[in-house]
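Peer 1: Given chain A, put chain B in place with the hints provided.
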Amino acid sequence: MNHWLTILTLVPFLGGIIVAGLGAERKTLSRGLALATSFIALGGAVCMWMHFNAASGELQFVEKADWVPSLGIQYFLGVDGLGALMVLLTAIVTPLAILVSGTLFEGDKNKSPHVYYALVLWLQAGLFGTFTALNFFHWFLFWELGLIPAFFLVKLWGGPKRGPAATQFFIYTMVGSVALLLSFLAIRFATGSFDFIELAAMAKSGALTKALEAHFAWKSIAMIIFFGAFLGFAVKVPVIPFHTWLPAAYSEAPSPVTMLLTGVMSKMGVYGFLRILLPIFPDQIRQVLTPLLWLAVATIVLSACAAFAQRDLKRIIAYSSINHLGYCLLALFAATSVATGVNNSDLQKAAALDGALLQMFNHGLTASALFLFVSLIEKRSGGLRGLDDFGGLRKVVPVFTGLMGVALFSSLGLPGLNGFVGEFLIFKGVFPLAPWAAAISTIGILVTAIFLLTLIQRVFCGPLNERWAKMPDLTTAERFLVLPSIALMFVLGVWPQFILSAVDATVVKLVQQLNF
Amino acid sequence: MLAWTIYITFFGVLVLMLLPRDNARAARIVALLTAIAGCVVAFVGAIQQTNPGEVTTIVKVPWIPSIGANYYLAADGISLVLVVLTGLAAVSGILFSWNIEKRTKEFFAFYLALIGGVYGVFLSFDVLLLFVFYELTIIPKYFLIARWGSTRKEYGAMKLALYSFVGSHLVLIGLIAAWVVAKGQLGHASLDLIELSKVHFSVGFQHWVFPLVFVGFAILAGMWPFHTWAPTGHVAAPTAGSMLLAGVVMKLGAYGCLRVAMVMFPEGVRMWQGEIACLAVAGIVYGAGVALVQRDFKFVIGYSSVSHMGFVLLGLATLNTIGLDGAVLQMFSHGIIAGLLFAVVGRMVYDRTHTRDFNDLETMQLGKKLPFAAVTFVLAGIASMGLPGFSGFVAEFQVLMGAWAVFPKLTILSGVGILIGVAYTLRAVQKGFYSDAPAAHGGHHDHPLEPISTAEKFGAVMLLGASLVIGIFPGLLMNWIEPCFNSPLSMFARLLVKGGSQ
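Quick mapping for you: the protein sequence lines, in order, are chains A and B. For the record, in the first sequence the residue sitting at position 142 is 142 according to the working numbering, with numbers rising by one throughout. Numbers given in the working numbering equal positions in the second sequence, counted from 1, plus 1000.
Isolated chain A (complex conformation) (with noise of 0.2 Å):
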């Protein structure tokens, strides 16, 4: 029996609490250990990947124990690709938004840099958590223990609205997560099972539905709760209309807590889709499967418009970040359809999840980047962050410009790098499967140039703003600090094997579930 998933969730879990008990005095030491931890955790997490048997879809590092039996509570944990490829990528981005902390913790002495690290450390223990869970009861403590640090790093580090930018971001969430939870109860009534893949199983025979019509005689009920677990997802990837909470806790939230906001935990209402809603709920997604794509094609277009009428920088990337996890949603939706009359529409499928996969890991390393860029320029700025508030930097600061630039170009999706394999999978996928919506998502393709290029223009070409005439550019460390990222960029945009190999099979079988 291996307690391998088990051990890599209490590493920073421990190593919080550890932390945390420093006390405030202790800045340097509470950071360096918040780093080693995490570090441990990346190890842990890479050594998890290299021993990951990518030629098979089944559940890997398996541990399955009883817990409470007779509400049929287990402790039950694994991955397959889609939970591996998360993991590793909650992995990496923690360290990074580690690295860039220091700066919000320079001068003032009253802001207790011990309880901000362990808050970090026990958000990545909540994620780790929730990507590996496969039983409700257990993968909702950690889907809510992720919840919870993140609203203290909203509301206690944040900008000056940073107060109602939290409470808004939390109860958004508890809206979702209450849904969600009557759903899964409503569930286990029926089918005394709280087990994805025993639910998934029912789901695919027919059983579930029909099990849930016979408790409780209510004919609507299975797409009642399917709506419940939507909502549940919905606000937290997030979809238009249930995401307005998420540009004011983006941009209030300090630039290395957005960085695990962006880059992580908008991933966990993704992955709820891919491990929860589509292989559990397979017919009422397929019920109001059009409804659901205009929605995807809806976050894709309206986000894309957002973001270009924004002037502040963080807030740009924030609705950029919608924009992206929509064609995820998109090739989700895509891949449910029944799609008579397609050739080959398995392929298709997978195409378009494998896609979908891929955009989850390049979004969250690209847009954990931007933002870190971000807050590189707001340490040179002194916290302005206007888009018209610049001008010219290219001139001052070659380097910064040119690796922002790298990142700003792979969220474009520029061939080459990562951001344009994920896109053109998805959308390969998704255009004989539902033509009409990938047509009208390439609209948000064209805005989203349009908006990052104007971003380019604005900040680092025209004449130079006098005023940052001294702006210094990247240190070595910075450029040490954001090499990792830039570089997982180009291999990924060149190699993007390196994902594909370890998920397909994950895929292959996501597919296979779907189609009966």
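Derived from the structure by calculation, the hints contain no laboratory data. Don't take each hint at face value.
[Said to hold, decoys possible] Listed below are the simulated DMTMM-like cross-link pairs for lysine to aspartate or glutamate, each with C-alpha atoms no more than 25 Å apart in a straight line:
1. B:K1457 <-> A:E25
2. A:K161 <-> B:D1357
3. A:K379 <-> B:D1351
4. B:K1369 <-> A:E106
5. B:K1409 <-> A:D283
6. B:K1368 <-> A:E213
7. B:K1369 <-> A:E25
8. B:K1409 <-> A:E213
9. B:K1368 <-> A:D195
10. A:K111 <-> B:D1360
11. B:K1183 <-> B:D1351
[Claimed, not checked] Cβ-Cβ distance ranges computed for the label pairs, FRET-style:
12. B:I1036 <-> A:L10: 26 to 36 Å
13. B:V1166 <-> A:G21: 22 to 32 Å
14. A:L10 <-> B:V1293: 34 to 44 Å
15. A:G21 <-> B:V1061: 52 to 62 Å
Note that CB positions come from ideal geometry on N, CA and C, so glycine has one too.
Peer 2: Just chain B, lined up with the frame of chain A:
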């Protein structure tokens, strides 16, 4: 063994009365030792009970043979859970009233008398004995609030006493009627709960007697719309008083509903099941909504108690195993969490700042001045919202799962109550501890606050630990609760036969 919880506690009252008037320190220590002894006995006794599914007799001697009354103490798993809760609440309440200087000895004497009565109710299996202990708790409650309370204390105390008396009179009328009918059927007078639970009262009789007894008990459980004593009483009471009111006294009402009203009149419950559930959900949503707009910190917690007790009543109304399991677990969980919330607000904040008004607290930045209180309140608030990891989640989770079976629409509605619960807790955290409002300078708020004492830290850690342990290992208590409802021979079997759809 468990009977000693009652005797030790009343013996403690006696010792306190004999102490010299001005020795506050001795009074505190005697009270604490008594409570700890009671708590230890409760734990050991509960663990020793090998078969929690059955009623284990502790003592049974004739008391008033002519009316069939016995001195009959016994315990099953549900009693065990609540006795352990009482033990924990008693010890922590004393830790949080260490600073009582005014007539210390009388305070703790009343306090222990209340605890003794509560132990008595949870262990009585004779209706008259149960009723006597139940009445016995009213008197110390009244004096604790009227003498040591704050904010309209006479009003709060009187209201609580009157509501309690009205409730117990309803119960009394119903029980006398039941006694008369049962005597006719059994051929001899009996007040034995186990015997009464086997009597078949006619459906017409149950139809009107059940609501009398149930509502009589449910008044004390804070059932909407008879809940109004709860917020005023909680606010007026001294810290330990509110901790006990919310922690155990409200459980007395819910326990009475389950143990007496529902067990004796199973047909009656089935007839009124829908109405009870509606009132319970009304309480959940209404209590949470009112808590959301309070200006007084203690009123927020007071109304939140009404909301959380709504889950107990909803669980009772489901009449299926899982809902009832959840209801009993929620009694335990709410006892622990509400006690802790009142301790933070009453002892840690109010006794130091002398205000509970959010407008004043906002300017004090207590998050920085009292970090221990702030962290405790945040954790207790998370537990109270019902986030996983704490006991409240497992309890509400089962109540809702049970409720899905019977009242799917009401279940969805109670989800709204949970959400408002999140909102008022966040609001309280924000306004009470982490407000960004500019600090007020000058005035009486500027003096340094007395640091949190060791006694308070012990109490807080104990309660939080209990909630966390049960949240992660609910099996510890479920192993006591479940057999009570699962066994076909138990006194609840009649209740579950036809009602639940499981």
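Peer 1: So, for every hint listed, does it hold in this structure?
Peer 2: Here's how the hints hold up against the structure:
As the CA atoms of B:K1457 and A:E25 are separated by approximately 22 Å, the hinted pair is consistent with the 25 Å bound. For the hint linking A:K161 to B:D1357, the alpha-carbon distance of about 24 Å falls within 25 Å, and the restraint holds. Distance restraint check for A:K379 and B:D1351: the Cα-Cα separation of roughly 44 Å exceeds the 25 Å cut-off, and the hinted pair is therefore not satisfied. Between the alpha carbons of B:K1369 and A:E106 the distance comes to roughly 22 Å, so the proposed pair stays at or under 25 Å and holds.
Simply put, B:K1409 and A:D283 have alpha-carbon atoms about 23 Å apart, close enough for the 25 Å limit, and the pair holds. A distance of roughly 53 Å separates the Cα atoms of B:K1368 and A:E213; the hinted pair therefore is violated under the 25 Å criterion. Straight-line distance between C-alpha atoms of B:K1369 and A:E25 comes to about 17 Å, which keeps the hinted pair within the 25 Å bound. Distance restraint check for B:K1409 and A:E213: the Cα-Cα separation of roughly 15 Å lies within the 25 Å cut-off, and the hinted pair is therefore satisfied.
Pair hint B:K1368 plus A:D195 does not hold up; C-alpha atoms about 43 Å apart against a cutoff of 25 Å. Restraint check for A:K111 and B:D1360: satisfied, since their Cα atoms lie roughly 24 Å apart, inside the 25 Å limit. Only pairs whose Cα atoms come within 25 Å are accepted, and B:K1183 paired with B:D1351 is rejected, the gap being roughly 54 Å. Between B:I1036 and A:L10 the beta carbons are some 34 Å apart, a value that agrees with the proposed interval 26 to 36 Å.
In this structure, B:V1166 and A:G21 break the distance hint of 22 to 32 Å, their C-beta atoms being roughly 52 Å apart. The hinted window of 34 to 44 Å between A:L10 and B:V1293 holds, with their beta carbons roughly 42 Å apart. Evaluation of the 52 to 62 Å hint for A:G21 and B:V1061 yields a pass: the beta carbon distance comes to about 55 Å.
Checked against the numbered hints given earlier, this structure breaks hints 3, 6, 9, 11, 13; the rest are met.
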